[in-house]
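K.L.:
Whenever a hint applies, use it, and build me the whole structure from the sequences.
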Amino acid sequence: MIANTAFMGYPVNLGVYGHPGFLRAIFCDLATTCMFLLLSFVLVLKFGGTVKRAFREILLFPPLWAVVLGISFNLLNIPIG
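Numbered by the numbering used here, the letters in the sequence shown go through residues 3 to 83 in order.
It is worth saying that the hints were derived from the structure and are not from the lab.
Here a beta-carbon is modelled for each residue, glycine too, at the ideal position from N, C-alpha and C.
There may be inaccurate statements among the hints.
Here are the simulated distance ranges between beta carbons [said to hold, decoys possible]: (1) P64 <-> P22: 22 to 32 angstroms; (2) P22 <-> G51: 38 to 48 angstroms; (3) P22 <-> G50: 14 to 24 angstroms; (4) M10 <-> L32: 34 to 44 angstroms; (5) L62 <-> L32: 34 to 44 angstroms; (6) I73 <-> H21: 10 to 20 angstroms; (7) G50 <-> G23: 15 to 25 angstroms; (8) T52 <-> I82: 31 to 41 angstroms; (9) G83 <-> F49: 40 to 50 angstroms.
P.N.:
Written as C-alpha coordinates, this is what we have:
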(Lines of atoms letter the chains of each structure in order from A; the text may use other names.)
(Lines give C-alpha, C1' and ligand atoms only; values in the text may rest on other atoms or scores of the structure.)
Protein backbone atom coordinates (compact mmCIF):
# COMPACT_ATOMS: atom_id res chain seq x y z
CA MET A 3 0.00 0.00 0.00
CA ILE A 4 1.34 3.41 -0.95
CA ALA A 5 0.24 6.30 1.22
CA ASN A 6 0.33 9.99 0.44
CA THR A 7 2.52 11.12 3.32
CA ALA A 8 3.58 14.45 1.83
CA PHE A 9 1.32 16.37 4.21
CA MET A 10 3.40 15.10 7.13
CA GLY A 11 6.62 13.93 5.51
CA TYR A 12 7.55 17.17 3.76
CA PRO A 13 7.43 19.40 6.85
CA VAL A 14 9.30 16.84 8.95
CA ASN A 15 11.90 16.40 6.21
CA LEU A 16 12.32 20.16 5.89
CA GLY A 17 12.73 20.53 9.65
CA VAL A 18 15.22 17.69 10.03
CA TYR A 19 17.30 17.94 6.84
CA GLY A 20 16.77 21.55 5.74
CA HIS A 21 16.31 22.71 2.16
CA PRO A 22 18.77 20.24 0.53
CA GLY A 23 16.94 17.28 2.06
CA PHE A 24 13.57 18.79 1.21
CA LEU A 25 14.58 19.17 -2.43
CA ARG A 26 15.77 15.57 -2.51
CA ALA A 27 12.45 14.39 -1.03
CA ILE A 28 10.48 16.29 -3.67
CA PHE A 29 12.49 14.78 -6.52
CA CYS A 30 12.07 11.29 -5.05
CA ASP A 31 8.33 11.92 -4.83
CA LEU A 32 8.27 13.07 -8.46
CA ALA A 33 10.11 9.93 -9.55
CA THR A 34 7.63 7.75 -7.65
CA THR A 35 4.70 9.62 -9.18
CA CYS A 36 6.07 9.09 -12.69
CA MET A 37 6.50 5.40 -11.96
CA PHE A 38 2.90 5.08 -10.75
CA LEU A 39 1.56 7.00 -13.75
CA LEU A 40 3.32 4.56 -16.05
CA LEU A 41 2.07 1.59 -14.02
CA SER A 42 -1.51 2.89 -14.09
CA PHE A 43 -1.26 3.35 -17.87
CA VAL A 44 -0.14 -0.27 -18.28
CA LEU A 45 -2.87 -1.57 -15.94
CA VAL A 46 -5.62 0.35 -17.71
CA LEU A 47 -4.52 -1.13 -21.02
CA LYS A 48 -4.16 -4.64 -19.61
CA PHE A 49 -7.59 -4.77 -17.99
CA GLY A 50 -9.71 -3.60 -20.88
CA GLY A 51 -9.15 0.11 -21.09
CA THR A 52 -8.32 1.98 -24.22
CA VAL A 53 -5.26 4.07 -24.98
CA LYS A 54 -7.51 7.13 -25.17
CA ARG A 55 -8.90 6.48 -21.69
CA ALA A 56 -5.45 5.87 -20.23
CA PHE A 57 -4.10 9.15 -21.65
CA ARG A 58 -7.22 10.97 -20.44
CA GLU A 59 -6.76 9.69 -16.89
CA ILE A 60 -3.10 10.69 -16.84
CA LEU A 61 -3.74 14.14 -18.32
CA LEU A 62 -6.48 14.81 -15.76
CA PHE A 63 -4.15 13.98 -12.85
CA PRO A 64 -3.76 17.28 -10.89
CA PRO A 65 -0.20 16.67 -9.60
CA LEU A 66 0.98 16.28 -13.19
CA TRP A 67 -0.42 19.74 -13.99
CA ALA A 68 1.31 21.15 -10.91
CA VAL A 69 4.66 19.78 -12.06
CA VAL A 70 4.21 21.03 -15.63
CA LEU A 71 3.16 24.51 -14.45
CA GLY A 72 5.93 24.66 -11.85
CA ILE A 73 8.64 23.77 -14.33
CA SER A 74 7.17 26.17 -16.91
CA PHE A 75 7.04 29.06 -14.43
CA ASN A 76 10.61 28.33 -13.38
CA LEU A 77 11.94 28.20 -16.94
CA LEU A 78 10.08 31.38 -17.90
CA ASN A 79 11.16 33.18 -14.70
CA ILE A 80 7.55 33.90 -13.73
CA PRO A 81 7.39 34.82 -10.03
CA ILE A 82 4.69 33.29 -7.87
CA GLY A 83 3.43 34.58 -4.58
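K.L.:
With reference to the structure, classify each hint as holding or not holding.
P.N.:
Status of the hints after comparison with the structure:
1. A beta carbon spacing of about 27 angstroms between P64 and P22 agrees with the range 22 to 32 angstroms that was offered as a hint.
2. A hinted range of 38 to 48 angstroms holds for the C-beta pair P22 and G51, which are about 40 angstroms apart.
3. Checked against the hint of 14 to 24 angstroms, the C-beta distance between P22 and G50 comes to roughly 45 angstroms, which is inconsistent with it.
4. One distance hint, 34 to 44 angstroms for the beta-carbon pair M10 and L32, is violated here, with the actual separation near 18 angstroms.
5. For L62 and L32, the Cβ-Cβ distance of about 18 angstroms falls outside the hinted range of 34 to 44 angstroms, so the restraint is violated.
6. For the pair I73 and H21, the supplied restraint of 10 to 20 angstroms holds, since their beta-carbon distance comes to about 19 angstroms.
7. Look at G50 against G23: about 42 angstroms separates their beta carbons, and that is not inside 15 to 25 angstroms.
8. Look at T52 against I82: about 37 angstroms separates their beta carbons, and that is inside 31 to 41 angstroms.
9. At about 42 angstroms, the CB distance of G83 to F49 agrees with the hint of 40 to 50 angstroms.
Hint compliance for this structure: hints 3, 4, 5 and 7 are not met, and every other hint is.
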